[in-house]
Every structure is written in structure tokens, then in C-alpha cells.
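> Work the whole structure out from these sequences, hints included.
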Amino acid sequence: MSNDEIILTPEGLRSLELELEDLKTVKRKELASRIKTAISYGDLKENSEYHSAKNDQSFMETRILTIERMLKKAKVVKNIGTSKVQVGSTVILNDVEFAEKIEYKIVGTQEADVNENKISYESPLGVSLMGKSVGDVISVNAPMGVISYELLEIRA
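Numbering of the sequence shown is given in our numbering, commencing with residue 1 and proceeding in unit increments.
Read the hints as simulated data drawn from the structure, not as lab findings.
Beta carbons: idealized from backbone N, C-alpha and C, even for Gly.
Do not take every clue at face value.
[Said to hold, decoys possible] Straight-line alpha carbon distances no greater than 20 Å define the calculated EDC-like cross-link-like pairs of lysine to aspartate or glutamate that follow:
| hint | residue 1 | residue 2 |
| --- | --- | --- |
| 1 | 73 | 122 |
| 2 | 73 | 153 |
| 3 | 84 | 4 |
| 4 | 118 | 22 |
| 5 | 54 | 22 |
| 6 | 101 | 136 |
| 7 | 24 | 56 |
| 8 | 132 | 153 |
| 9 | 27 | 17 |
| 10 | 105 | 136 |
| 11 | 78 | 136 |
| 12 | 72 | 21 |
| 13 | 84 | 103 |
| 14 | 29 | 46 |
[Said to hold, decoys possible] Derived DEER-like restraints, expressed as beta-carbon distance ranges:
| hint | residue 1 | residue 2 | range |
| --- | --- | --- | --- |
| 15 | 81 | 102 | 31 to 41 Å |
| 16 | 115 | 57 | 21 to 31 Å |
| 17 | 47 | 99 | 58 to 68 Å |
Now the structure itself:
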């Protein structure tokens, strides 16, 4: 996969599109209103509300530009099967040492969110899983040592 490409699942693409729409419509209007209100307080040099709103506006505009660049470089992966792990696959793993089942969705780097059990295909576990089949045992080097997982299931 090219370094210029941003790998996204269809859900990840939709999420970015929704965030961009929200930023450009709702959030821009909210910030414009905050700035207008802050300006009405007078002296801008010592107006903390104004400076805070302008700072938030700067962050928002940067995020808009970042998302627009990502969307231009986006390559949406279409999951075509369940025989091998690929970006977009959901996998059920068994931690061999603790006999604990764990579910992860393999996603692009931009979508990775460990709180939602979404891991990047470029993460150590993601790299170890790519191309594997049900029944394979995967070993991953982690800070606490090598962790072994058995791949129990692959879902599209």
C-alpha cells in the first residue's frame, strides 16, 4: 500500500465525511457566534473569551484541512471474504496464556481506536494477523513479552 494512501473502511470514510460536514456547518456557525459575542465585550487585547474562541477556530480549521487531505488520499477497502484476515476484517482471538477471547476490527491507521477494539493493520498485532487464517497461532512481541493468540474466527 502506497505511503500516500490513507486506508479506510467504508465506515471510517463515512465517519470522516460526517465529521467534516459537522465542522463546516454546525461548528463553524457556533464559533462565529462565540467570536461575535466575545467581540461585543470590547477590548480584544484582554478579552479571554475572544482569544479562546479564535484558538478553537484555528484548531477547527486545521482539522477541516486535515480531513479534506485525508479524503483526497483515501483508499476505501472492500472486504471480500473471510478466508484470510485483511483490512476491514473483524477477528475473534483466543489469548493462549489466559484462555480469554478478544474481538478486534482491523482498520487503517486513521481509524484505529483501542477503546472501540479497532486496531491498525500496521500495529504489531495487526501486522501479525494480516493474511492469516482461522486456526493459525499468532505471536506478538509486546512490552511484557511475547503474547500468543489463536485465530478463532474471521468476519467480514
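> Hints numbered earlier in the text: which of these fail when held up against the supplied structure?
2, 3, 4, 11, 14, 15
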